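Given these sequences and hints, build the entire structure.
Protein chains: 2
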Amino acid sequence: MSQASKGKSGSDALPAREELAGLLEKARQLSAQTRCLIDQALARGISHRLKADSTFVTDVDLAVEEHVRSALSGWFPSHGILGEEFDACNPDADYQWIIDPIDGTRSLRHRVPLFGTILALHVRGQPVLGVIDLPGLKRCYSGALGLGTWCNGRRLQVADLARDDTLEQEILSIGERAQFHKAGKADVLEHLYRSHPSVRTYCDCFGHCLALEGSVGAMIDPDLRLWDVAATPVLAREAGCSFHWLRRDEKSRKGGCYDVVFGKPRVVDWVMRLWNRQPF
Amino acid sequence: MSQASKGKSGSDALPAREELAGLLEKARQLSAQTRCLIDQALARGISHRLKADSTFVTDVDLAVEEHVRSALSGWFPSHGILGEEFDACNPDADYQWIIDPIDGTRSLRHRVPLFGTILALHVRGQPVLGVIDLPGLKRCYSGALGLGTWCNGRRLQVADLARDDTLEQEILSIGERAQFHKAGKADVLEHLYRSHPSVRTYCDCFGHCLALEGSVGAMIDPDLRLWDVAATPVLAREAGCSFHWLRRDEKSRKGGCYDVVFGKPRVVDWVMRLWNRQPF
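For the record, the sequence lines run as chains X and B.
Reminder that position 179 of the first sequence reads as 331 in the numbering used here, one-by-one numbering, no gaps.
Reminder that position 119 of the second sequence reads as 271 in the numbering used here, one-by-one numbering, no gaps.
Some clues are possibly wrong.
Intra- or inter-copy, both count: the list cannot distinguish identical chains.
Stated by the list, open to error - Derived DMTMM-like pairs: lysine to aspartate or glutamate, alpha-carbon spacing no greater than 20 Å straight-line:
#1 Lys203 / Asp317
#2 Lys178 / Asp246
#3 Lys290 / Glu177
#4 Lys290 / Glu170
#5 Lys290 / Glu328
#6 Lys334 / Glu402
#7 Lys290 / Glu320
#8 Lys403 / Asp375
#9 Lys203 / Asp316
#10 Lys203 / Glu320
#11 Lys290 / Asp375
#12 Lys334 / Glu320
#13 Lys290 / Asp191
#14 Lys406 / Asp239
Calculated from the structure, these hints are not laboratory results.
Just so it is clear, the structure is predicted and the values come from calculations on it, not from any experiment.
Encoded structure:
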């Protein structure tokens, strides 16, 4: 029951399978190039500066986003591009590429090898294609509507918990504590810790990829911008995961404000009941 | 001021530099072999069972420990061997090899690629040589007294925080929440979270290796058995880290009970003040 089948004709038509496959191939090529840029930068040394919003940006973030923008503008001059570090290009176009050049800048700065590059295509607001590349693990997660989710050459298919599997055996992955506080969900985090024996801070896109593999039962990631989560909905659903927006505020700031949970369906259901059960 | 220089003669003499270099080379060879065993097992599929102490063991833990024991017994028949999964061999020998075949069995079972194999040599109770191999990252951390700490072919030297660096910019790495509870230190964990903006659960030997790289300011790891931490003291000190035992109870159970902190000296000092400041 691919979502692509909904709108094959009419003004809300999504790209046909062949077009999507071509776009996915281009996105994978780009990710191979950004991985080279990042590996070279790590070998050379990275400089960083504090941005106006009190987060850091490195010269690698800027170089990777410039490279991706330049390639996409050459291939698809009519498409829009939205990225973390520069202004939006063609913001009214139906096809919007969304870039997070380094998701996990704090990890990159400290050489924790769990950062990644995110690239996604949304068509009239719907995520249709996504790539998350993890240079430190040499793993590229990619997929598109109806085409499945892949890690390098291996197709991913997450199995739900079997009836006799207990939730306690699963690892739950979460973003950093500060994200829960900023989202006004510090109490949910406390309740998660009290309710589950293995909650680990596998933050940023590394935690997303662990959920796509079924290595964690669910990833719970609040207070995201659009580029942090642009690739995940299509990758998660194509891998057989449940994906839910717990908050979807597109307007309140640049990049919006999103809280998400995704993973094995039974685990996601459990998290959603806990998330919505307030006050504790 | 190498600790080896203390006892070059007399009954408490530590191995000479040349002997240590030879032993380290053997330990590195063994780690290359265990990595192959683990990679093959991951490709083939892993089975597991619950142990009497309610933790899991996999067929990989057993196969790796058996392989290491067999090689060590052949090379050094008079040495002792202490491992997590089998009985001690030559427990009264001066030279004791300590093995954790899979540190992070929960991660291995779930294919989170952050588990590792630990091998250490203690001479009359003093850690003199250590290897931590991370198959998922293809990184082998190894070193010995006076010979430095290395990651693959790169020597590690952790720089302390400079005077104008703030502690807030560092990532702190911790073991799982349950370890703090078992160690009776749940209040320390809460205080860590309240006092520092970036505390992440990089548990098991992956967190140890991040501290050896200087990627995290410190690793705080309570409720360990000897094999979990057997390689770390020598690797940490040879890499320029501070290393402190917060608890060192060798007798209360098989493998003892240890709480440790190690990393950049100024960060470790801060953690130790917090650890010892009770009640909060």
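One pair to classify: Lys290 and Asp375, alpha carbons no more than 20 Å apart. Within, between, both, or neither? neither (27 Å within a copy, 33 Å between copies)
Give the relationship of Lys203 and Asp316 under a CA distance limit of 20 Å: within one copy only, between copies only, both, or neither. between (49 Å within a copy, 19 Å between copies)
Reference check for the pair Lys203 and Asp317, CA-CA at most 20 Å: within, between, both, or neither? Answer is between; shortest inter-copy Cα gap is 17 Å, intra-copy 46 Å.
Intra- versus inter-subunit Cα pairing at 20 Å for Lys334 with Glu402: within (16 Å within a copy, 43 Å between copies)
Within, between, both or neither: how does the pair Lys290, Glu320 come out at a Cα-Cα threshold of 20 Å? Answer is neither: 30 Å inside a copy and 30 Å across each miss the 20 Å cutoff.
For Lys403 vs Asp375, is the C-alpha pair at or below 20 Å within one copy, between two copies, both, or neither? within (14 Å within a copy, 46 Å between copies)
20 Å Cα cut-off: does Lys290 pair with Glu328 within a copy, between copies, both or neither? neither (24 Å within a copy, 26 Å between copies)
Can you give me the call for Lys178 and Asp246, within, between, both or neither, at a CA distance of at most 20 Å? within (18 Å within a copy, 61 Å between copies)
Between the shortest in-copy and the shortest cross-copy C-alpha distance, which are at most 20 Å for Lys290 and Asp191: within, between, both, or neither? both (10 Å within a copy, 15 Å between copies)
Under a CA distance limit of 20 Å, which applies to Lys203 and Glu320: within one copy, between copies, both, or neither? Between copies, since 16 Å is at most 20 Å while 41 Å is not.
How would you classify Lys290 and Glu177 at a CA-CA limit of 20 Å: within, between, both, or neither? Answer is within; shortest intra-copy Cα gap is 18 Å, inter-copy 28 Å.
Alpha-carbon proximity context of Lys406 and Asp239, limit 20 Å: Classified as within: same-chain Cα gap 10 Å, cross-chain 60 Å, threshold 20 Å.
The earlier numbered hints that this structure contradicts are 4, 5, 7, 11.
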